[in-house]
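Residue strings, one per chain:
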Amino acid sequence: MKALHMIRKFLPVIKKFLPVIITSAFLAWLVLSLVMPEKDNGYNTNAFGRLPVLANGRIKPLDTVARTSLLILHGKEAISDDTGHALKPIEWLMDVLMRPANADKYKAFLIDNPDVLGLFRWNQSQGRYYSFAELEPFLDEIEQQTKLADDVASSSRNLFQREILKLRDRIILYNQLKNSFHNDESVDFSDEIATFQKAVETGRKAFNDQAAGKPFNKDDLGLLSEFFSRYQFLARMGVIRPVPRPNQQDWKTAGDSLMETIQTGTIDPSIVAYALMATAYRAQNVPEFNQAVSNYRDSLETNFAGYLKRTDYESGFNHFEPFYKCIILYVCIFLLALISWLVWPDVFGKAAFWLLMLTFVVHTTGLISRMWIQGRPPVTNLYSSAIFVGWAACLLCIVLERIHRNGIGSLTAATMGFTTLLIAHHLSFEGDTMEMLRAVLDTNFWLATHVVAVTLGYASTFLAGFLAIVYVVRGVFTQSLDKATAKSLNNMVYGIVCFATLFSFVGTILGGIWADQSWGRFWGFDPKENGALLIVIWNAIILHARWGGFIRERGLMNMAMFGNIVTSFSWFGVNMLGAGLHSYGFMDHAPFWLEAFDVYQLALIVVGLLPPRMWRSFTIA
Amino acid sequence: MDKLFTRIVKPLTSLKLTIVCLSLAMVLVFIGTLAQQNMDAFYAQKKYFDTCFVLWTPRGTHWQIPVFPGGYLLGSVFLVNLIAAHAVRFKLSWKKSGIFLAHSGLILLLVGGLFTALWSRESQMVIEQGKTKNYAESFKDIELAIIDRSNADHDVVVSIPESLLVKKQPIQNPALPFTVRPAGFFENARLDMRKPDALSQSPVTKGMGVRMDVTSLPATTRPEEENYPATYVELLTPAGSLGTWLVWASPFGESLPAQTVAVDGKTYEIQLRLKRYYKPYQIHLTNLTHEIYAGTDIPKNFASQIRLSDLERHEDRDILIYMNHPLRYRGETFYQYQTLAGDKFTVLEVVRNPSWLLPYISCSLIALGLVTQFGMHLVNFTKRRMA
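Here the protein sequences line up with chains A and B, keeping their order.
Position 524, counted from 1, in the first sequence is what my numbering calls 542; the numbers after and before it change by one each time, with no gaps.
Position 24, counted from 1, in the second sequence is what my numbering calls 721; the numbers after and before it change by one each time, with no gaps.
For the record, the hints were derived by calculation from the structure and aren't laboratory data.
A couple of the hints might just be wrong.
[Unchecked claim] According to the in silico footprint, chain A covers these stretches of chain B (three or more CB under 8 Å from chain A): (1) 740 to 750; (2) 848 to 861; (3) 864 to 876; (4) 933 to 945; (5) 1002 to 1015; (6) 1060 to 1071.
Quick reminder that beta carbons are idealized off the backbone N, C-alpha and C, glycines included.
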């Protein structure tokens, strides 16, 4: 009795402070994960992960190479060694680069296609992850199968053929990684390059003697040519380019740099440094490894301070994982907004909104970080468009929620933020999400104007559709859609459709101007152009139908939901038409998800078309 | 008069017609996009957009049944609808100035689209490194060229377009001492050397085609395939036939020895080739660069260093054409497109479009109109909320 009394007494206080408490708790979580140093296993893995290398055309920290490679091979960043001990991505990469025999035993390869598993007489109950050592006996078989698959045109390959080619590519990538610092069978790299240095001196003497017609030492010449072919192989394999060049984007692979040594006679200091690290790591000599990493890092400060600033920031960004955190936050906002419609609308509505503001800050930070690291406007590929659509929707929802204060903005922001970031997460399996841009796209002006405007068009058309879903679901299945809420949703959808018309139109036009500048034609009925045009036309139809009085509130909602289908077609659908072009990774499954999404929208439209007497909200006496 | 108005003009001004047009346009754009899965964009545009009706040919027939309105028809109806609505229904007021601006822009955009379809021409110029060219070529259209090279400073070329080759009517030209009779045209053909002992059914009596068999193939519109047209051509003089030749267009056409005919001591070359557009100036490809990002095969830039020599206009200068930086010259624009054959050739796209400015004007009008109109909505909405 007393307890109840106490609760009743403190209820207003609890109500008052609950939003603050909830938001502060999440804020504390974010700040802690930002300032808490990453644990390491004695080796200074964090410092090693921050070292800059060039890979896929971009200078990035080794940590990024580790994460993207793992996503491609393994489908996720979490992996464990052969004893089941969890490894960070960079720890896994250290083993691949410098202790490959150990890494061969880790189950790094994701194989979930039953036909591919069947090829090796494995079945799905044995799991989805396999090590290189387990695959090694089947390499010939895999090569034979890929030869067969390679002959089939990419658009007509079946699932098995696509999967076996994917496995082949993964094995190639793995072997390239293993041969990026030194040849994968090398035992002591420092020792090896010391021998090499001597062999260069004696071998060059022998070569000069031979050229001058004097007697020469055949063994010396033979040894040098052995090294030559060894490093030629390394140069061909290396996918990471660790040897920096001042003021140049053209960094060298270890193999190229060592082949240059044959001409210059000196080994590049960065090769010496990596050799020290490799030898120490192989010998499990922690202090020496850490010393070598820190010495190398110091040596880079003179010429490469600019790159280091970016790569340090990027590995911090990787560690903080802002978009992953946003996914969690959006789920919490969704729950809070939902609760606010059941109990204490003021308290939970406020909590949801404040948390939304906090999440928006994190989302924005992630977006701006990517822009700074890449030196590009926000949208450069499909992945970044998903991030941006979520961000823009979130921003618009904040504005809507400020105006209407009924939790709808928060709930919709949460749904769209969550969905788009989930899509982005799945798109990241294709590799580095900050890939380089093909020649014709390489212009920041058009990326900043046309691409941003079109993506805003996508975001706002989706937003109108999602708001309409809220209207229909609440109206048909609950009694909570009162007149005021319905009217405010009507205003929101109409306003957002206007916004969407403007931005998708301006974006499409800017695209036309870009095309005119680059190719001499304003419009060419290219699938992506057509996709954007469809959104413009659909939004125009909605507006004219409303102005002409052909539709009212429910009609507006149903048409807005159809906008989701139109937008999903032009965002993803047209990319799938160029069969084979993007048909790997996520895009294999994407047609299924796209169809599922469209069917779901159609089902909602059918629900929305039900006569008003079947809407629970409209039948309350 | 009133009856005429209500029966004919009124429906043309109606908003319902607008919505019908827009909806049909959506369907058309959608199917025109899907079609590009199996069809080259060039043909898809022809079939769905640059046409009054989308035609359907049932399998095994030559019928052409209109099944859906094409881009031209929809565009025209929409244009009439817009103009009629403005003329009859709209009353200009400040409140509607945004709508008015946007719609006038739209009218201009449609008109501009029509002009572009009528007057613009796209072609390409493929130049080998170190070589000079004075013509661009069509992407798909071909011509039968009969060339008299007897003049020291210029060639005389008689060009016969595909449309005449199909008809099989004899063709005369004052520059030629003979009549040209097209004797069978293949839109897409495969040529094989005839086995020594095989019987010939071909009408060819002269030239390289004597030992060849022609197999007619269905014309393809698929994006990754190309048509290789061929034609029989008979040359006639009042004295009788000079013979029948087989000529064909192939990507290696220029490397083959030319087929010739000698009449009255003059030699004429006969070629089937991509239609050429000759220029009164020359372009020499001095240097070609194709940069890639280190460690990838992603192209970073294509650039052509060219020398433009125009005797008529006293121009002789070096020019760099690269991605997003075209050359504009004599009403045409030269864009860097790609490189071919291991960066030995540059491909420049050459576009002539006299109405290129219209979309810029119309789009500015529409954008301005939309901003005005939606801006007014927003202001009103905020005012109402404040009140």
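Consistency of the hints with the structure:
Counting residues of the segment 740 to 750 of chain B whose beta carbon lies closer than 8 Å to any beta carbon of chain A gives 4, which reaches the threshold of three, so the coverage claim holds. Coverage of the segment 848 to 861 of chain B by chain A is violated [criterion: at least 3 residues with CB-CB distance below 8 Å; count 0]. Restraint check on the segment 864 to 876 of chain B versus chain A: 0 residues with Cβ-Cβ distances below 8 Å, three needed, restraint violated. Against chain A, the segment 933 to 945 of chain B contributes 0 residues with a C-beta closer than 8 Å to a partner C-beta. That does not satisfy the three-residue criterion, and the hint is violated.
Given a C-beta distance limit of less than 8 Å, the hint that chain A covers the segment 1002 to 1015 of chain B is violated, as 0 residues qualify and 3 are needed. Coverage of a stretch by a chain is defined here by at least three residues with a beta carbon nearer than 8 Å to that chain's beta carbons; for the segment 1060 to 1071 of chain B and chain A the count is 6, and the condition holds.
In the structure shown, a violation is registered for the earlier hints numbered 2, 3, 4, 5, in ascending order.
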